[in-house]
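Number of protein chains: 2
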Amino acid sequence: MAAQNKQVLLANRPTGWVKESDFRIVETPIGKPADGQVLVKAIYLSLDPYMRGRMNDTKSYAASAEIGGVMTGETVAEVIESKNAAFKAGDVVCAHTGWQQYALSDGKNLRKVDPKLVPLSTYLGVVGMPGVTAWIGLLDIGEPKPGETVVVAAASGAVGGVVGQLAKMKGARAVGVAGGKEKCDFVVKELGFDACVDHRSESFLKDLAAATPKGVDVYFENVGGKILDAMLARANPFARFPFCGMISDYNAVDRYGVKNLISVVGMRIKIQGFIVSDRLDRWPVALKELGEGVASGKIKYRETVTNGLENAPKAFIGLLKGENFGKQVVKL
Amino acid sequence: MAAQNKQVLLANRPTGWVKESDFRIVETPIGKPADGQVLVKAIYLSLDPYMRGRMNDTKSYAASAEIGGVMTGETVAEVIESKNAAFKAGDVVCAHTGWQQYALSDGKNLRKVDPKLVPLSTYLGVVGMPGVTAWIGLLDIGEPKPGETVVVAAASGAVGGVVGQLAKMKGARAVGVAGGKEKCDFVVKELGFDACVDHRSESFLKDLAAATPKGVDVYFENVGGKILDAMLARANPFARFPFCGMISDYNAVDRYGVKNLISVVGMRIKIQGFIVSDRLDRWPVALKELGEGVASGKIKYRETVTNGLENAPKAFIGLLKGENFGKQVVKL
Chain S
1 MAAQNKQVLL ANRPTGWVKE SDFRIVETPI GKPADGQVLV KAIYLSLDPY
51 MRGRMNDTKS YAASAEIGGV MTGETVAEVI ESKNAAFKAG DVVCAHTGWQ
101 QYALSDGKNL RKVDPKLVPL STYLGVVGMP GVTAWIGLLD IGEPKPGETV
151 VVAAASGAVG GVVGQLAKMK GARAVGVAGG KEKCDFVVKE LGFDACVDHR
201 SESFLKDLAA ATPKGVDVYF ENVGGKILDA MLARANPFAR FPFCGMISDY
251 NAVDRYGVKN LISVVGMRIK IQGFIVSDRL DRWPVALKEL GEGVASGKIK
301 YRETVTNGLE NAPKAFIGLL KGENFGKQVV KL
Chain X
1 MAAQNKQVLL ANRPTGWVKE SDFRIVETPI GKPADGQVLV KAIYLSLDPY
51 MRGRMNDTKS YAASAEIGGV MTGETVAEVI ESKNAAFKAG DVVCAHTGWQ
101 QYALSDGKNL RKVDPKLVPL STYLGVVGMP GVTAWIGLLD IGEPKPGETV
151 VVAAASGAVG GVVGQLAKMK GARAVGVAGG KEKCDFVVKE LGFDACVDHR
201 SESFLKDLAA ATPKGVDVYF ENVGGKILDA MLARANPFAR FPFCGMISDY
251 NAVDRYGVKN LISVVGMRIK IQGFIVSDRL DRWPVALKEL GEGVASGKIK
301 YRETVTNGLE NAPKAFIGLL KGENFGKQVV KL
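First to last, the protein sequences are chains S and X. Counted from 1, the first sequence has number 54 at position 54 by the numbering used here; the numbering is strictly sequential. Counted from 1, the second sequence has number 241 at position 241 by the numbering used here; the numbering is strictly sequential.
Just so you know, the hints here were simulated from the structure itself, not pulled from any lab data. Bear in mind the structure is a predicted one, so any value in this text is a computation, not a measurement. Check before you lean on any hint, since a few could be wrong.
All copies of an identical chain are treated as equivalent in the list; a pair is satisfied when it fits inside any one copy or across any two copies.
To be verified - Here are the simulated SDA-like pairs of lysine to any residue, each with C-alpha atoms no more than 20 Å apart in a straight line:
| hint | residue 1 | residue 2 |
| --- | --- | --- |
| 1 | Lys-226 | Asn-260 |
| 2 | Lys-259 | Phe-274 |
| 3 | Lys-83 | Gly-322 |
| 4 | Lys-259 | Arg-52 |
| 5 | Lys-300 | Ser-82 |
| 6 | Lys-206 | Thr-58 |
| 7 | Lys-331 | Ala-210 |
| 8 | Lys-259 | Thr-58 |
| 9 | Lys-331 | Ala-315 |
| 10 | Lys-259 | Ala-233 |
| 11 | Lys-83 | Lys-108 |
| 12 | Lys-226 | Tyr-256 |
| 13 | Lys-259 | Trp-17 |
| 14 | Lys-259 | Gly-225 |
| 15 | Lys-259 | Asp-57 |
| 16 | Lys-145 | Trp-283 |
| 17 | Lys-226 | Lys-259 |
| 18 | Lys-259 | Gly-53 |
| 19 | Lys-83 | Asp-207 |
| 20 | Lys-19 | Lys-314 |
| 21 | Lys-88 | Leu-120 |
| 22 | Lys-112 | Glu-289 |
| 23 | Lys-145 | Asp-57 |
Just need the whole structure built from these sequences, with the hints factored in.
Here's what the structure looks like:
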């Protein structure tokens, strides 16, 4: 029997929390590349919070996943067979092939990467889309100056960890927010943040004030909810708040109501939403710096690796609940 | 008996809605100008929503009013006696002399105005701070392009009315939000907006959608609360939201919770708080254009004139409740 292509399809559009039954796992025949095409086999699949939005059928910057279609997602993949002159068997590429083992591509969305420079999985994390998200949001929008205070939530995550380390490199004070002591310890001891505040603690607001004695100049927003309200209340004049996501809202049927927006006027805060794919011109320089940082050991990271595509739905649900630690990938 | 200087003092810091008993009216002797000083007599006093913030004792961009001190505020005033070479008796000036009839000044915060160009009271409205607020917020932050849709709340007010008229001059569609049919009619028929939506109507959200068929590109924020939530839900990609105030929050003990901030990410919205006094370099050009617009009849406005300083507290409370129609001033 020929090998089959395992795929994870979107079975239903979830309301509120995603369930495993919102996905369906199927096996289909592996395609044969036509002229100009390549067949790739995924090695790692990235799981990212933004994918929750793709499961909805609402107006957004990107098309929704189709019901019955393969879930969208980035992979690091190996070229198995090529009928495209730009690629040869054995090439390693970053691809947008979704939650499946094999895929055909015309090569347009493939980006060759160097398998010797950094571990392959990091091309989905610190040296991939999450790292570039941190880089663009912090440097182009946040613009931290030496001595300023930068706060980022989900600080042990793929984006947050890079935000804090870049902030330190710019001479700023880096303060993380994370869930639980283990993550906070990692953020300070391993990633080198100046402080990290546990948002699950009852003394969160007091701890945040202690960790930001000079207020907050940059808040990199990827969580939303009560953490955003706390940052608005701590903002300094002319603070910058790059917004790249709001994971706390993604599964909420009744969202948290943010009450401290009046600070935006008094403190002249700039809030700027951004999507990393709008700024493709910035990717090459960002990826170069991030790759060099990881290769030299200057930029640190952590990953949660789940084995087997069939475990991707469960891992994704865990990611939305904050059960992962660092960048969540699936090894196929 | 010599003439006395009537003053309105801050008696208490209000919690929630301001009451007349939060003010105290007193009479004190009129001062005599020392060398370098001028004595001015106020003709009009401006009442503005921002003054509510000055009554609080919280961290803000400007110092609070002191309990027992004269309420802060702008006036149009006449120079009565001058011992400062830059001014002579009879000069008309804009001043920051507060809620009182007479004041001494060293001349530094006085700005001479032309009493023949436009009606004196407009130097507190469309040709004063509110007009400049509209001008800077819309043109420097909102940056409307021809064919885009600009929405402003409190559209019949001193700021909102100018925002919409400037938007029209830039070739944009101007949509107002106001409270009640009378104000909405004025906004469309007198000020020339393309549409105006009554936020008190039960069909507000439906009416807003009908008035903004191509979505919202610029929302000039001066109200907050449910109107902001509605605009976030109607925002187009790369929308700009200049924030100059949030009158709906000023008296709220339990503020409205804004639930649609997730749109900031998906639509890459820029929210920028600003204070008109941060941008003094822009005032001369703004005041020139606004003055010419009013003088030529191109920029229209409406005022509510209250007679007598002793009625200022009541008029101010009415302003916070939206009972005024257009710019609220007090004739002394």
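A quick look at each hint next to the structure:
In the homo-oligomer, the alpha carbons of Lys-226 and Asn-260 lie at most 20 Å apart both inside one protomer (10 Å) and across protomers (14 Å), since each shortest distance falls under that limit. For the identical chains of this complex, Lys-259 and Phe-274 are inter-copy neighbours only, at 19 Å across copies versus 22 Å inside a copy, given an alpha-carbon limit of 20 Å. In this homomeric assembly, Lys-83 and Gly-322 never come within 20 Å of each other (Cα to Cα): the closest approach is 42 Å inside a single copy and 70 Å across copies. For the identical chains of this complex, Lys-259 and Arg-52 are inter-copy neighbours only, at 18 Å across copies versus 25 Å inside a copy, given an alpha-carbon limit of 20 Å.
For the homomeric pair Lys-300 and Ser-82, neither the shortest alpha-carbon distance inside one copy (35 Å) nor that between copies (69 Å) is at most 20 Å. Within a single copy, Lys-206 and Thr-58 get their C-alpha atoms only as close as 38 Å, which misses the 20 Å cut-off; across copies the closest is 18 Å, which meets it. Proximity of Lys-331 to Ala-210 under the C-alpha cut-off of 20 Å is found in neither arrangement, the shortest distances being 40 Å within a copy and 49 Å between copies. In this homomeric assembly, Lys-259 and Thr-58 come within 20 Å of each other (Cα to Cα) only across copies, at 16 Å, whereas the closest approach inside a single copy is 25 Å.
In this homomeric assembly, Lys-331 and Ala-315 come within 20 Å of each other (Cα to Cα) only inside a single copy, at 11 Å, whereas the closest approach across copies is 68 Å. Taking the closest pair of Cα atoms, Lys-259 and Ala-233 come within 20 Å of each other both inside a single copy (10 Å) and across two copies (17 Å). Proximity of Lys-83 and Lys-108 under a CA criterion of 20 Å is satisfied intra-copy only: 13 Å inside one chain copy versus 78 Å between copies. Taking CA atoms no more than 20 Å apart as the test, Lys-226 paired with Tyr-256 passes in both settings, with 7 Å inside one copy and 14 Å between copies.
For a Cα distance limit of 20 Å, the shortest separation of Lys-259 from Trp-17 across copies, 18 Å, qualifies, whereas the shortest one inside one copy, 24 Å, does not. When the C-alpha separation of Lys-259 and Gly-225 is checked against a cutoff of 20 Å, the pair qualifies both within a copy, at 10 Å, and between copies, at 9 Å. In this assembly of identical chains, the alpha carbons of Lys-259 and Asp-57 lie at most 20 Å apart only when taken from different copies (19 Å versus 28 Å within one copy). In the homo-oligomer, the alpha carbons of Lys-145 and Trp-283 never lie at most 20 Å apart, since the shortest distance is 22 Å inside one protomer and 29 Å across protomers.
In this assembly of identical chains, the alpha carbons of Lys-226 and Lys-259 lie at most 20 Å apart whether taken from the same copy (9 Å) or from different copies (12 Å). In the homo-oligomer, the alpha carbons of Lys-259 and Gly-53 lie at most 20 Å apart only across protomers (16 Å), although the nearest pairing inside one protomer, at 24 Å, exceeds that limit. Within a single copy, Lys-83 and Asp-207 get their C-alpha atoms no closer than 58 Å, and across copies no closer than 56 Å, so neither meets the 20 Å cut-off. With identical chains, the CA atoms of Lys-19 and Lys-314 are at most 20 Å apart within one copy only, with a shortest distance of 8 Å there and 57 Å across copies.
Within a single copy, Lys-88 and Leu-120 get their C-alpha atoms as close as 18 Å, which meets the 20 Å cut-off; across copies the closest is 79 Å, which misses it. Taking the closest pair of Cα atoms, Lys-112 and Glu-289 come within 20 Å of each other only inside a single copy of the chain (17 Å); across copies the shortest separation is 56 Å, beyond that limit. Proximity of Lys-145 and Asp-57 under a CA criterion of 20 Å is satisfied in neither setting, with 40 Å inside one chain copy and 30 Å between copies.
Hints 3, 5, 7, 16, 19 and 23, counting from the list given before, are not met by this structure.
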